[in-house]
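Asks: Here are the chains, one letter per residue:
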Amino acid sequence: MALANSINGAVRRVPAWPLYLLGAGWMGWQFWLALTGQGKYGVEPINVLEREYGLDALILLVAGLAVTPLRTWAGVNLIKFRRAIGLLAFFFVLAHFLVFALLDVQTLGRVVTEVVKRPYVTVGFIAFLALIPLALTSNNWSIRRMGPVRWRRLHKLVYPAALLGALHFIWLVKGWPLEPFLYMGGLILLLALRLKWSRIREIATTRRGGARTS
Amino acid sequence: GLGAIALAGPAAAQDPLEPNTLEEITHYNNFYEFGTGKTDPAENADAMVIDPWSIKVDGLVDNPGDFSLAELTDGLTIEERIYRFRCVEAWSMVVPWQGFELADLLAKVGVQDGARYVAFETVVQPENMPGVRNRVIDFPYVEGLRLDEAMHPLTIMATGLYGAPLPKQSGAPLRVVVPWKYGFKSIKSIVRISLVAEQPPTTWNMLNAREYGFYSNVNPTVDHPRWSQATERRIGGGLFSSRQDTRMFNGYDEVARLYDGMDLTKDY
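These protein sequence lines map, in sequence, to chains B and C.
Straight run, no breaks: the first sequence in the working numbering ends on number 214.
Straight run, no breaks: the second sequence in the working numbering ends on number 482.
A few of these clues could be false.
Here chain C is said to cover these stretches of chain B; the calculated rule only asks that three of the stretch's residues, wherever they fall, bring their Cβ under 8 Å from a Cβ of chain C [to be verified]: (1) 28-40; (2) 107-115; (3) 175-184.
A partial selection of chain C residues facing chain B, derived with a Cβ cut-off under 7 Å [as the list claims (entries may be wrong)]: (4) E238; (5) H241; (6) Y242; (7) T250; (8) V350; (9) I351; (10) R440; (11) I449; (12) L453; (13) R457.
In the PhoX-like style, the derived pairs of lysine-lysine whose C-alpha atoms are separated by at most 25 Å in a straight line are [as the list claims (entries may be wrong)]: (14) B/K117 - B/K174; (15) B/K196 - B/K80; (16) C/K322 - B/K174; (17) B/K196 - B/K156; (18) C/K270 - B/K174; (19) C/K322 - C/K270; (20) C/K480 - B/K117; (21) B/K80 - B/K174; (22) B/K40 - B/K174; (23) C/K252 - B/K40.
Rather than coming from a laboratory, the hints here were simulated on the basis of the structure.
Even glycine gets a Cβ: it sits at the ideal position worked out from N, Cα and C.
If we strip away everything but chain C, and leave its shape as in the complex, we get:
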């Protein structure tokens, strides 16, 4: 509650975040495993099997292995974080997540020297996922973060939404949420977490590197080649809602120091 609001930083002090409704958050999703339409995940995700759920932790860690969700999250503090969520398609929402800091999980599995990135992988269940059967993109969906990004206190692993377990179309049972990056970095329904030395391949970057950089920080001054990123449409405003200006790092200015000395027009 309060801790989350404080963490949202100075931007939150200017305008208290009004979360979108559960209906809006769960009926406007990109989860291509279930189809490319915004309502496809809500219609199709029900078929995904999430119990039992096993997560492989491997790479440069002290405690590798296959863990059940309960084993992996045991002892971690779940808290609420109300975050702005900005899609690369220039729309946005505000989402009340429940989850734990990724840094706490990384501490638990023991990150070894030499690990510089964290790689994630989404589950693939072809028989339950029409988008996988249609091969709309290459699966499994993979994403990654630089270790300092993964360790930042704003980066969470979400397990819940609006006080209930994560709905399947929102990435049940476990997903990343990195609020200062475009939404596709916040990978859903994770089955593998690998600590690695080299920058891992990421799905949209492999599909089109010019349009989707590895970093993909929300940045109003670097346009997507096919559309502007200067403004965004806040979901839930109806047919006549006005566009809002997009903020650098989605308003989470405290992460700016992670990118000191980097040219964000090149490392977009």
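So that you can see chain B by itself, here it is in the shape it has in the complex:
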């Protein structure tokens, strides 16, 4: 745990607020590249920007969900960055949705049609909706007002939201490329690491013992 301790020591001196600047800077930089048609945005910027923001959101969701297992299993405490990571994830989902609605699909009627008629869009949209109350309550005032138990229960919504986001990715691609499945696999792993394994083993042992005596 020497490594974990030195990481924790270093982290104590790093504030969380630069993450917001980094996130906003990256979002703005990508938009600028798309606007001016540079690099990967050279030929068709709309779809590429849409996917960039969507993928950034998914990466941030994975990062946010890695904080707790890192603490439980490796003793690395990055909890002070979790709010910034989560809020940034939401803002990238929002940006992803806005590029989809305003630049890609372009009319309100078509946005409604796409959300209602296309299951992969529906799934992504539900994930977006699920993240809204989480973003709205990601502040100390809300935690105080709601109380930690209710607040934590509400914020478990990020689990289905992230899984729906990964499903949205798998569903929209043609064929079976590996990448979307890596995100889904990573998320499932991170959620599985939250299960109380000792408690599960206990229950299983009790059940087996019970079966033997009967």
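Please arrange chain C on chain B, whose structure you already have, making use of the hints.
Replies: Here is chain C on its own, set in the frame of chain B:
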């Protein structure tokens, strides 16, 4: 030149086709042998070996055999065709191809009675194709056309682009271009042409028959199960380009008679 524009039909008279730039046409491709990303073909296709190139012609033909590209195309008239190109993913381009009519090639190899379809196969070079090594889909890529579709004067075998030999990511040295069908029907880098009696298997149809029909004619009234086909994004318009309405048969109305009496919502 002029002949091609005339062939593009009444739609061309309404709006003269402004081709996309060579950069756009060669840096936004689906060629899964080189990866699934749009720029993967531009980055990876260089490794494909296209010289020498051999094409097997077999099935119900008078002159079967293995031909070099020069032998196969000898005596055929190369002309320019500026065609709209509409991808099943709802984006589109305008491409100035050079090539010859597939009908001329079929006449040369001699189609026998009983042949009703033409089947095509793309080259497989695993050592030069990362997408093949990763098995993103089953290879070789195969496609097919009904014989009357293959014989239609709009259907060409392209050998060039913008007056130069076809770039590798665009399907060098020889590819099909069927402008009224979704782009995946226009199979690239062909090594085999077979005349057959039965409808041949086709790659995307085998992967997902509900999403990709054998015909796959551009049709704004039949949606892909996962997205609308009513509109398309014209490549090259930048971040704020508007969607355009997709036209039946991609605007090539003269092919409609090929499908008389067919229900295009069923035979999509």
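Asks: Now tell me if each hint is right for this structure.
Replies: Do the hints match the structure? See the list:
no., hint, in the structure
1, 28-40, "holds (count 4)"
2, 107-115, "holds (count 3)"
3, 175-184, "holds (count 4)"
4, E238, "holds, 5 Å"
5, H241, "holds, 5 Å"
6, Y242, "holds, 4 Å"
7, T250, "holds, 5 Å"
8, V350, "holds, 5 Å"
9, I351, "holds, 5 Å"
10, R440, "holds, 6 Å"
11, I449, "holds, 5 Å"
12, L453, "holds, 5 Å"
13, R457, "holds, 6 Å"
14, B/K117 - B/K174, "holds, 18 Å"
15, B/K196 - B/K80, "holds, 23 Å"
16, C/K322 - B/K174, "violated, 37 Å"
17, B/K196 - B/K156, "holds, 16 Å"
18, C/K270 - B/K174, "violated, 30 Å"
19, C/K322 - C/K270, "holds, 14 Å"
20, C/K480 - B/K117, "holds, 20 Å"
21, B/K80 - B/K174, "violated, 39 Å"
22, B/K40 - B/K174, "holds, 20 Å"
23, C/K252 - B/K40, "holds, 9 Å"
Violated hints for the displayed structure, listed by number in ascending order: 16, 18, 21.
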